[in-house]
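Peer 1: Could you put the whole structure together from the sequences, leaning on the hints where they help?
The sequence shown: position 255 = 261 (the working numbering), numbered continuously.
Check each hint, because a few of them may be wrong.
Listed next, with one range per pair, are the computed distances between beta-carbon atoms [stated by the list, open to error]: (1) Pro282 x Gly77: 53 to 63 angstroms; (2) Arg249 x Pro282: 39 to 49 angstroms; (3) Thr174 x Arg134: 14 to 24 angstroms; (4) Ala170 x Arg41: 27 to 37 angstroms; (5) Ala235 x Leu103: 29 to 39 angstroms.
Capping the alpha-carbon separation at 25 angstroms, the derived lysine to aspartate or glutamate pairs in DMTMM-like fashion look like this [to be verified]: (6) Lys278 x Glu214; (7) Lys251 x Asp23; (8) Lys8 x Asp44; (9) Lys251 x Asp173; (10) Lys230 x Asp212; (11) Lys8 x Asp23; (12) Lys230 x Asp23; (13) Lys8 x Asp30; (14) Lys8 x Asp55; (15) Lys278 x Glu178; (16) Lys251 x Asp30; (17) Lys8 x Asp65; (18) Lys251 x Glu31; (19) Lys8 x Asp82; (20) Lys251 x Glu169; (21) Lys251 x Asp212; (22) Lys251 x Asp205; (23) Lys8 x Glu31; (24) Lys278 x Asp205; (25) Lys230 x Asp272.
Keep in mind the hints are simulated off the structure, nothing from the lab. Predicted, not measured: the structure shown is a model, and the values here were computed from it. C-beta atoms are modelled at their ideal positions from N, C-alpha and C, and glycine is treated no differently.
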Amino acid sequence: MKPFVLITGASSGIGLDCARLLVDEGYRVIGTVRRQEDGLRIRAMLGEDFTPLLLDVTDSAALDGAVGQIGALVGDAGLAALVNNAGIASPNGPLLLQPLEEIRGMFEVNLFGLLAVIQAFAPLLGARQGSARPGRLINISSVSGRVATPLTGAYAASKHAVEAFSDTLRVELGIYGIEVVAIEPGPIRTPIWDKARPDPRYQGTDYEAALHALLDLARLNARKGAPVARVSQAVLHALRTPRPKPRYPLNPMWHLAALLPTRWIDRILARKLALPPRI
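Peer 2: Here it is, written out as structure tokens:
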């Protein structure tokens, strides 16, 4: 029987490419989507080895039902891996002005939704004494989990928290033989930013020019960023290698931030976003 992998947020981008690669490599993929039409589209694209699962990771009631559904599908084989990819990267804004409800919403998806999925599906990964086939937990984090870019503080904070969760779970789930991996992409080549516009809520504020610069930088990164396949290949390596690395930093900025003084990093980021570096 082909091993099963559950991927959250499989409708596009990293999640979709991971699903495509894993199906090509002989896995059966269960991918969460938020719209039924997306599930049908991907099923038609990837074939019978892809099973769509209609699920919002922040919906605890739906999550309970999904566990039973997936448990019946995978049976005693359980899950070979859970790839936590579902997340949101916007809206962004200066932390001084961004509504707290907006920031809480980002944490609800990127952090609490991630943990809710882990808690729900951990038994299918082998989080129980005597399990003979422990699976792997792979969390899609970000270079923002190491370097916090100004004006994207809520997103960066949520990814810093994902890093902390991953480090803690790596030890806690080690008693069951479950390997825990964090993968940290940088900017990914995608057309998603082409239609983005500056947030009108911050026009006329001290951050208006910086937000325009951030949008220009995002568009540049979207054109020159790494191909999404680089992330998918890292997921495949973390899934197949006998002993995966605890983290897979896929952007040079991760290593640069570890070498340069913090004030230097602050000045580099301030310069890129046209923020006066009074630091």
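Peer 1: Hinted pair, alpha-carbon criterion (25 angstroms max): lysine 230, aspartate 23. Please report holds or violated.
Peer 2: Judged against 25 angstroms, a Cα distance of about 18 angstroms means the pair holds.
Peer 1: Taking only the CA atoms, is the gap from lysine 278 to aspartate 205 under or equal to 25 angstroms?
Peer 2: holds, 19 angstroms
Peer 1: Are the Cα positions of lysine 8 and aspartate 82 separated by 25 angstroms at most?
Peer 2: The given pair, whose Cα atoms are some 13 angstroms apart, holds under the 25 angstroms limit.
Peer 1: Does the Cβ distance between proline 282 and glycine 77 fall inside 53 to 63 angstroms?
Peer 2: holds, 56 angstroms
Peer 1: Do the alpha carbons of lysine 8 and aspartate 23 lie within 25 angstroms of each other, as the hint requires?
Peer 2: holds, 19 angstroms
Peer 1: Starting from lysine 278, check that the Cα of glutamate 178 is at most 25 angstroms away, please.
Peer 2: With Cα atoms ~40 angstroms apart, lysine 278 and glutamate 178 exceed 25 angstroms; violated.
Peer 1: Has the given pair, lysine 8 with aspartate 55, been kept, meaning a C-alpha gap of at most 25 angstroms?
Peer 2: Holds, at roughly 9 angstroms.
Peer 1: Does lysine 8 pair with aspartate 65 here, judged by a C-alpha cut-off of 25 angstroms?
Peer 2: Not OK: lysine 8 and aspartate 65 at ~29 angstroms, beyond 25 angstroms, violated.
Peer 1: Given the hinted pair lysine 230 and aspartate 212, is their alpha-carbon gap at most 25 angstroms?
Peer 2: violated, 29 angstroms
Peer 1: Tell me if the straight-line CA distance from lysine 251 to aspartate 212 falls inside 25 angstroms.
Peer 2: violated, 42 angstroms
Peer 1: Take the C-alpha atoms of lysine 251 and glutamate 31, compute the straight-line distance between them, and say whether it is at most 25 angstroms.
Peer 2: holds, 21 angstroms
Peer 1: Decide if the proposed pair is consistent with the structure: lysine 251 and glutamate 169, CA atoms, cutoff 25 angstroms inclusive.
Peer 2: holds, 14 angstroms
Of the numbered hints given earlier, the model fails hints 10, 15, 17, 21 and 22; all others are met.
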